[in-house]
Amino acid sequence: MHHAFMLTNKAYQINQVSDTVDMAYLTNQKLQLQYSSVITLI
Numbered sequence: 001m002h003h004a005f006m007l008t009n010k011a012y013q014i015n016q017v018s019d020t021v022d023m024a025y026l027t028n029q030k031l032q033l034q035y036s037s038v039i040t041l042i
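For the sequence shown, full-length UniProt numbering gives the first residue as 1, with consecutive numbering after it.
By construction, these hints were calculated from the structure, which means they are not laboratory data. Just so you know, these numbers come straight off a predicted model, no measurement behind them. Take the hints with a grain of salt, since some may be wrong.
Have a look at the derived ranges for each label pair, beta carbon to beta carbon [stated by the list, open to error]: (1) VAL38 - PHE5: 45 to 53 Å; (2) GLN16 - VAL38: 31 to 39 Å; (3) LYS30 - THR8: 31 to 39 Å; (4) ASN9 - GLN29: 24 to 32 Å; (5) THR8 - GLN32: 35 to 43 Å.
Backbone N, C-alpha and C fix where the C-beta goes; we use that ideal spot for every residue, glycine too.
The task is simple: from the sequences and hints, build the whole structure.
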């Protein structure tokens with residue numbers, strides 16, 4: 001029981017990390033887009 005809980009907890013943590021990585025990636029993409037449009041304006 002306890003072992004299964006630990007595995008579930010580990011899977012949850014991995015999921016959280018991948019969500020965070022996805023968010024960072026998306027934010028980075030948005031920043032790059034904004035940066036490119038600023039360059040285009042100049």
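Original post:
Between THR8 and GLN32, does the beta-carbon spacing fit 35 to 43 Å?
Top reply: 36 Å, holds
Original post:
Cβ-Cβ distance between ASN9 and GLN29: within 24 to 32 Å?
Top reply: The hinted range 24 to 32 Å holds for ASN9 and GLN29, with Cβ atoms some 31 Å apart.
**OP:** Given the range 45 to 53 Å, decide if the beta-carbon distance of VAL38 to PHE5 lies inside it.
**Re:** Because 49 Å falls inside the window, the suggested range holds.
Subject >> Consistency of beta-carbon spacing, VAL38 to GLN16, with hint 31 to 39 Å >> reply: 33 Å Cβ-Cβ, so the 31 to 39 Å window holds.
Original post:
For the pair LYS30 and THR8, does the Cβ-Cβ distance stay inside 31 to 39 Å?
Top reply: 33 Å, holds
Consistency with the previously given hints is maintained throughout, with no hint failing.
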